[in-house]
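J.: Let the hints inform the model, and build the full structure from the sequences given.
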Amino acid sequence: MANDPISQFKITKLVPIEVGGLDLSFTNSSLFMVATTAVVAMFLIMSTSGRGLVPGRWQSVAEMSYEFVANTLRNAAGNEGMRFFPLVFSLFMFVLIANLLGMVPYFFTVTSHLIVTFALSMLVIGTVMIYGFAKHGAKFLKLFMPDGVPPVLYILVTPIEIISFLSRPVSLSVRLFANMLAGHITLKVFAGFVTSLIAAEGLGIMGPALSILPLAMTVAITGLEFLVSFLQAYVFTVLTCMYLNDALHPSH
Amino acid sequence: MSPNENEPDVQDARPTEAELSERRSRLARALEEKTTQAESRKNVSSSGTGQGFAQAMKLSTEFVAGVLVGAVIGWLIDKGFGTSPWGLIVFLLLGFVAGVLNVLRSAGLIAEQQDRTRDG
Numbered sequence: 054m055a056n057d058p059i060s061q062f063k064i065t066k067l068v069p070i071e072v073g074g075l076d077l078s079f080t081n082s083s084l085f086m087v088a089t090t091a092v093v094a095m096f097l098i099m100s101t102s103g104r105g106l107v108p109g110r111w112q113s114v115a116e117m118s119y120e121f122v123a124n125t126l127r128n129a130a131g132n133e134g135m136r137f138f139p140l141v142f143s144l145f146m147f148v149l150i151a152n153l154l155g156m157v158p159y160f161f162t163v164t165s166h167l168i169v170t171f172a173l174s175m176l177v178i179g180t181v182m183i184y185g186f187a188k189h190g191a192k193f194l195k196l197f198m199p200d201g202v203p204p205v206l207y208i209l210v211t212p213i214e215i216i217s218f219l220s221r222p223v224s225l226s227v228r229l230f231a232n233m234l235a236g237h238i239t240l241k242v243f244a245g246f247v248t249s250l251i252a253a254e255g256l257g258i259m260g261p262a263l264s265i266l267p268l269a270m271t272v273a274i275t276g277l278e279f280l281v282s283f284l285q286a287y288v289f290t291v292l293t294c295m296y297l298n299d300a301l302h303p304s305h
Numbered sequence: 089m090s091p092n093e094n095e096p097d098v099q100d101a102r103p104t105e106a107e108l109s110e111r112r113s114r115l116a117r118a119l120e121e122k123t124t125q126a127e128s129r130k131n132v133s134s135s136g137t138g139q140g141f142a143q144a145m146k147l148s149t150e151f152v153a154g155v156l157v158g159a160v161i162g163w164l165i166d167k168g169f170g171t172s173p174w175g176l177i178v179f180l181l182l183g184f185v186a187g188v189l190n191v192l193r194s195a196g197l198i199a200e201q202q203d204r205t206r207d208g
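Residue numbers (my numbering), protein chains in the order written: chain U, 54 to 305; chain X, 89 to 208.
These aren't lab readings, by the way, just hints derived from the structure by calculation. Being a predicted model, the structure only gives us computed values, none of them experimental. Using N, Cα and C, we set each Cβ at its ideal position, and we do this for glycine too. Each hint should be verified, as a subset may be incorrect.
Just a sample of chain U residues kept apart from chain X, beta carbon distances all over 10 Å, derived [stated by the list, open to error]:
#1 Pro69
#2 Ile213
#3 Val223
#4 Leu240
#5 Pro267
Listed below are several chain X residues computed to face chain U (Cβ distance under 10 Å; list not exhaustive) [unchecked claim]:
#6 Leu119
#7 Leu182
#8 Gly183
T.: This is the structure:
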């Protein structure tokens with residue numbers, strides 16, 4: 054069914070692989086993850102291969118993306134945070150390019166699946182926890198026991214802080230996934246109205262004439278979706294930087 | 089710094105230090121006015137569609153995430169210790185509180201974790 058707004062998110066197996074009862078098939082999602090990584094790598098390798106003192110167009114785009122992420126990270130986590138720069142920059146480029154590739158018609162949107170975004174955010178929170186414990190040891194737990202609270206209230210405050218901490222990867226991943234999913238469904242529904250109105254019987258000439266309205270809406274939403282693609286990649290990066298800041302400075 | 093910078097007889101030749109600094113501060117004021125105008129214009133134009141939508145999305149996911157995590161923890165505790173349904177009830181309520189805390193934090197109404205502990 055061409056008008057079904059959900060079918061665009063369907064996972065199809067391209068190369069079925071099964072290892073020891075586990076389904077490790079190469080799916081269309083995997084294909085677009087590989088494509089995203091390839092696009093990012095090619096963009097950065099090709100654009101920086103010239104290494105001009107005066108950057109060309111591609112090189113200045115690459116330098117701009119570097120500066121952008123570096124400034125975000127420095128503002129949120131200080132100069133110490135720059136040791137996480139490779140992780141943060143990879144995450145930003147991956148999410149951004151995956152979102153933008155999803156905007157191409159008939160392409161699969163990797164970030165519209167909760168499991169992908171959840172894996173990305175677990176990577177961030179895992180880094181925060183491992184680094185936090187490795188660097189600060191038990192002092193990292195001070196994050197859950199704020200100062201200036203009467204000792205009795207720790208029974209209540211500590212579980213709340215722990216739940217609040219654990220809800221971070223959930224909200225981080227749900228936000229990215231929900232934005233991409235909702236945007237693509239809206240786009241598909243409005244685009245479906247155009248064909249339905251043209252094909253509608255009993256409306257006569259009115260059908261094609263009215264179909265201008267959802268078409269205009271589709272164009273507008275496409276623009277908005279490009280904005281959302283960038284915005285969500287940025288939000289993901291900013292929150293990653295803020296959580297890394299917790300790992301670097303848990304109690305001061 | 090010339091020693092006669094405050095004397096009136098150099099005024100005809102070139103501007104004094106005082107005049108220069110006065111002009112500098114005037115230019116700085118004008119520049120600041122221009123940039124704040126540009127910034128407020130930018131804020132007004134961007135607050136139309138994207139920003140409000142992003143803000144709504146952010147706050148709602150923060151709240152839902154808190155409740156969900158609380159419920160999952162409570163459910164796991166019940167499953168592990170056989171205390172059903174008390175773990176779910178207690179941790180759902182705590183998750184609700186954590187969700188509200190998340191929303192207030194991300195709206196900037198109360199201090200972040202690390203900021204608050206810094207104050208002591």
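J.: Now tell me if each hint is right for this structure.
T.: Hint check results:
Its beta-carbon lying about 33 Å from the closest one in chain X, U:Pro69 satisfies the requirement of being farther than 10 Å from that chain. Once the 10 Å rule is applied to beta carbons, U:Ile213 is inconsistent with being away from chain X; the minimum gap is 5 Å. Separation of U:Val223 from chain X is inadequate, the least Cβ-Cβ distance of about 4 Å not exceeding the 10 Å criterion. Its beta-carbon lying about 15 Å from the closest one in chain X, U:Leu240 satisfies the requirement of being farther than 10 Å from that chain.
Residue placement check: U:Pro267 keeps its beta carbon more than 10 Å from all beta carbons of chain X (closest about 18 Å). Interface hint at X:Leu119: violated, since its Cβ lies 22 Å from the closest Cβ of chain U, which is beyond the 10 Å cut-off. Satisfaction of the interface hint for X:Leu182 is found here, the shortest Cβ-Cβ separation to chain U being roughly 5 Å, below the 10 Å cut-off. The interface hint given for X:Gly183 holds, since its Cβ lies 5 Å from the closest Cβ of chain U, which is under the 10 Å cut-off.
Hints 2, 3 and 6 from the earlier list are contradicted by this structure; the remaining hints agree with it.
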